[in-house]
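Starting from the given sequences, assemble the full structure and let the hints guide the process.
Take 1 as the starting number for the sequence shown in the numbering used here and just add one per residue.
Note that these hints are calculated values from the structure, not bench results.
Distance ranges between label pairs, derived from CB positions:
hint, residue 1, residue 2, range
1, A142, Q49, 22 to 30 Å
2, L139, P269, 30 to 38 Å
3, R280, A142, 36 to 44 Å
No residue lacks a Cβ here, since even glycine has one placed at the ideal position from N, Cα and C.
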Amino acid sequence: MDKQARLEAASLAWRFLVARVRALAPTLLARTISALRLGRRLLALSRPQTWRFALLPIAVAVSVLIAAGAPISWGLIAAEALAAVCALSGWAVLRAYTSSPRENFPFLGAGASLFVVAILATQPLLARAGALALALGALALALIALDLASAFLRRLAPRAALVALIVARGVVAPILLGVGLVAVTALAQRMRPDMTLWMLGVALSLLIFAAIQARGIVVSGAIPDQKALWRNPHTPLACALALACALAVGSALPASAPHGLLLALWTLPLALVAVTGLWRSTFIPARAWAARSLEVVFTRFALALTAGALASVVVAAIGAALTRAPGS
1 MDKQARLEAA
11 SLAWRFLVAR
21 VRALAPTLLA
31 RTISALRLGR
41 RLLALSRPQT
51 WRFALLPIAV
61 AVSVLIAAGA
71 PISWGLIAAE
81 ALAAVCALSG
91 WAVLRAYTSS
101 PRENFPFLGA
111 GASLFVVAIL
121 ATQPLLARAG
131 ALALALGALA
141 LALIALDLAS
151 AFLRRLAPRA
161 ALVALIVARG
171 VVAPILLGVG
181 LVAVTALAQR
191 MRPDMTLWML
201 GVALSLLIFA
211 AIQARGIVVS
221 GAIPDQKALW
231 RNPHTPLACA
241 LALACALAVG
251 SALPASAPHG
261 LLLALWTLPL
271 ALVAVTGLWR
281 STFIPARAWA
291 ARSLEVVFTR
301 FALALTAGAL
311 ASVVVAAIGA
321 ALTRAPGS
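See below:
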């Protein structure tokens, strides 16, 4: 009897499910296509090309920690990466809303949902890097709020708003995405950042600053006076790139540092070409190419640091194996 009752209950549930599917079938395809279009639009608004500025500093820090022999909690790394990507995506979605609020897309709901996911993803990090994670999170939220309210602030105090935005985008954002992410990654793994990590974090921040500075120069469209060197906006950009390369060399000098970090110096020729093109060219497409090339320099620099640190681990392991080999 019990078996017969279960079969009848299962049959009723199955018939109910089939009835619901049949009722939804005429609109199921349209709903699926609509959901896919919304997802595609959300992905485009999230600007995936900016995710590298968050993911690559984490990858560099993890590779250096692996080279130092530190145990890695990959769950915390995934949570940190998810939080950084969702924060950048939510920021980009809300910025798109401020520029085109009449578009038929749920900007506010999508942006708020991404920020909620970012906040939830940071919860595992608070037990490991609580004070720093909270401070950097508050600073990031202040930066995003200032950037989104820039149009309103310009009407109240145009000069003060301009200075605040320059500081926020040119100083605060590179610090958060470079030194901040490297330090949080190390602290979340129960490791205090050493001089190598600090140097690499500053170098990544300088490259992010250079990329932001270059994009701002191209957007303004103004060709600065080449004679006024110290007032030329290209001067701090070139100094940032030079200092980043010097820090890459300095980070590999300590005896405990992975010397494979010197592999990042192969990006120096591309950086020199990009800065020269941005500095000397008056052709707008060429200047835009040079600005994009500086973003490529950051990507290749970070990937070279990661590959160099991991290559040092492999070389050290091979050397240790040869040393322990019989008859060596």
